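Could you build all of it, start to finish, from the sequences and the hints given here?
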Amino acid sequence: MSKTTLAIIAAASAGAGAAITATMYSLRSQSERKLETTISTTTTTVSTSPSATSAPIPIPAKQIFTGANQQAAQTGLSTSAPAALALAPVDPSGLFEYGFPGPIADIATRQALISSFDRRLRNPHWVVEHITPASLAMRDGDRKHSVFLEDDTVPEKFRAKLKDYFRSGYDRGHQVPAADAKWSQTAMDETFFLTNMCPQVGEGFNRDYWAHFEDFCRGLTARYPSVRIVTGPLYLPKRDPADNKWYVRYEVIGNPPNVAVPTHFYKVIFAEDGRAGGSVAIGAFVLPNAPIPNEKPLADFEVPVEAVERASGLEFATKLPAQRRRRLCADTSCALVIKEYADRQRAFAKPSGPSAVAKR
Numbered sequence: 001m002s003k004t005t006l007a008i009i010a011a012a013s014a015g016a017g018a019a020i021t022a023t024m025y026s027l028r029s030q031s032e033r034k035l036e037t038t039i040s041t042t043t044t045t046v047s048t049s050p051s052a053t054s055a056p057i058p059i060p061a062k063q064i065f066t067g068a069n070q071q072a073a074q075t076g077l078s079t080s081a082p083a084a085l086a087l088a089p090v091d092p093s094g095l096f097e098y099g100f101p102g103p104i105a106d107i108a109t110r111q112a113l114i115s116s117f118d119r120r121l122r123n124p125h126w127v128v129e130h131i132t133p134a135s136l137a138m139r140d141g142d143r144k145h146s147v148f149l150e151d152d153t154v155p156e157k158f159r160a161k162l163k164d165y166f167r168s169g170y171d172r173g174h175q176v177p178a179a180d181a182k183w184s185q186t187a188m189d190e191t192f193f194l195t196n197m198c199p200q201v202g203e204g205f206n207r208d209y210w211a212h213f214e215d216f217c218r219g220l221t222a223r224y225p226s227v228r229i230v231t232g233p234l235y236l237p238k239r240d241p242a243d244n245k246w247y248v249r250y251e252v253i254g255n256p257p258n259v260a261v262p263t264h265f266y267k268v269i270f271a272e273d274g275r276a277g278g279s280v281a282i283g284a285f286v287l288p289n290a291p292i293p294n295e296k297p298l299a300d301f302e303v304p305v306e307a308v309e310r311a312s313g314l315e316f317a318t319k320l321p322a323q324r325r326r327r328l329c330a331d332t333s334c335a336l337v338i339k340e341y342a343d344r345q346r347a348f349a350k351p352s353g354p355s356a357v358a359k360r
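Residue numbers (this note's numbering): 1 to 360.
Keep in mind that the hints were calculated from the coordinates and are not lab data. Treat the numbers as computed from the prediction; the structure is a model and nothing was measured. Hints may contain errors.
Lysine-lysine pairs mimicking DSSO-like chemistry, simulated, CA-CA at most 30 angstroms apart [stated by the list, open to error]:
| no. | residue 1 | residue 2 |
| --- | --- | --- |
| 1 | Lys144 | Lys163 |
| 2 | Lys238 | Lys296 |
| 3 | Lys339 | Lys144 |
| 4 | Lys339 | Lys296 |
| 5 | Lys161 | Lys144 |
| 6 | Lys245 | Lys163 |
| 7 | Lys245 | Lys161 |
Derived DEER-like restraints, expressed as beta-carbon distance ranges [what the hints assert, rightly or not]:
| no. | residue 1 | residue 2 | range |
| --- | --- | --- | --- |
| 8 | Arg228 | Pro89 | 44 to 52 angstroms |
| 9 | Ala242 | Leu149 | 41 to 49 angstroms |
| 10 | Gly169 | Val147 | 19 to 27 angstroms |
We treat Cβ as the ideally placed atom computed from N, Cα and C, and that holds for glycine.
See below:
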């Protein structure tokens, strides 16, 4: 899919991939009854790292529900409206006394990543990681000691399960790669939770081009002292030649069908120069979940950050001033270094002695 086509798709499907919205409630008169329940969040936060101390997850103002009296106190507006306007014959917010329907994003804070899980599609919305030259130089984790795990912090009925992937024909594709968490065995183990996985085509993608792309990200630490990456799935529409209309179609694996197979994956990369208030080189890439020839230039998959935002329903750099931004592929070379898969697998092994050289 060309970058032009992706831009058209993103514009035509501004809500495709993910939507986290909440509908409000109507006003209730103070004379009817006082507000008994205030719903303050649609996000559950799970901290699974004993040593990690994470900041509270910010809750968008649009997802905080307040009553008429509270709104008046916050805005300073008078509530002395005519009776005909103040009294409504219905009270939709009464439903919330029985529970809030959602959607809910299960946030997991772990040593090497933070993830937001999509209960409907059983895949993450996004997974965030941070790599540095120091973190990649440490070799205290070994992949051979890690096993794939279901994430019991997600309610069982919404959880991706190991059996969903069994004989599905797809790899359990890491969003944050295990190789980025070699600095700790616990950190590496936590990358194997299924909340960090999506179904990925194996041969030609997860074990090839996508792995080379992950190597590229690690290689950025040779130039930038701090690299932050957001990775996640997309479900993009495709034009049907039969009727010339656009459709979103994706496979669902499992028995019963449980886990959606993304059509594409994105990475948004923030390469920091290490100075407080310094420049940040940003690169956004969208790759199809399909075999990609190794000779295909990575720059062919570069897209504007806004295209990923439109397609995913997410926002990535709203607090980063324009004057601090740089385009990653203009600031450095966006070219892959192709490695054989067997060589990459050996790179996961723990160094045998002090003379071992750290591999990317």
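Within 30 angstroms, alpha carbon to alpha carbon, are lysine 238 and lysine 296? Roughly 21 angstroms between the alpha carbons, so the hint for lysine 238 and lysine 296 holds.
Would you check the hint for lysine 245 and lysine 163, treating anything up to 30 angstroms between C-alpha atoms as holding? 35 angstroms, violated
Do alanine 242 and leucine 149 keep their Cβ atoms within the hinted range of 41 to 49 angstroms? Taking Cβ atoms as reference, alanine 242 and leucine 149 lie about 42 angstroms apart, which means the hint holds.
Does lysine 144 sit within 30 angstroms of lysine 339, going by the straight-line distance between their CA atoms? 20 angstroms, holds
Compare the distance between the alpha carbons of lysine 161 and lysine 144 with 30 angstroms, and conclude whether the hinted pair is satisfied. Holds, at about 21 angstroms.
With a cut-off of 30 angstroms on the C-alpha distance, tell me whether lysine 144 and lysine 163 pass. Holds - the C-alpha atoms of lysine 163 and lysine 144 are around 21 angstroms apart, at most 30 angstroms.
Range hint 19 to 27 angstroms: satisfied by the CB atoms of glycine 169 and valine 147? Given about 21 angstroms between the Cβ atoms, the range holds.
Do arginine 228 and proline 89 keep their Cβ atoms within the hinted range of 44 to 52 angstroms? 51 angstroms, holds
Compare the distance between the alpha carbons of lysine 339 and lysine 296 with 30 angstroms, and conclude whether the hinted pair is satisfied. OK: lysine 339 and lysine 296 at ~14 angstroms, within 30 angstroms.
Against the 30 angstroms threshold, does the CA-CA distance of lysine 245 and lysine 161 hold or violate the hint? 34 angstroms, violated
The structure shown violates the earlier hints numbered 6 and 7.
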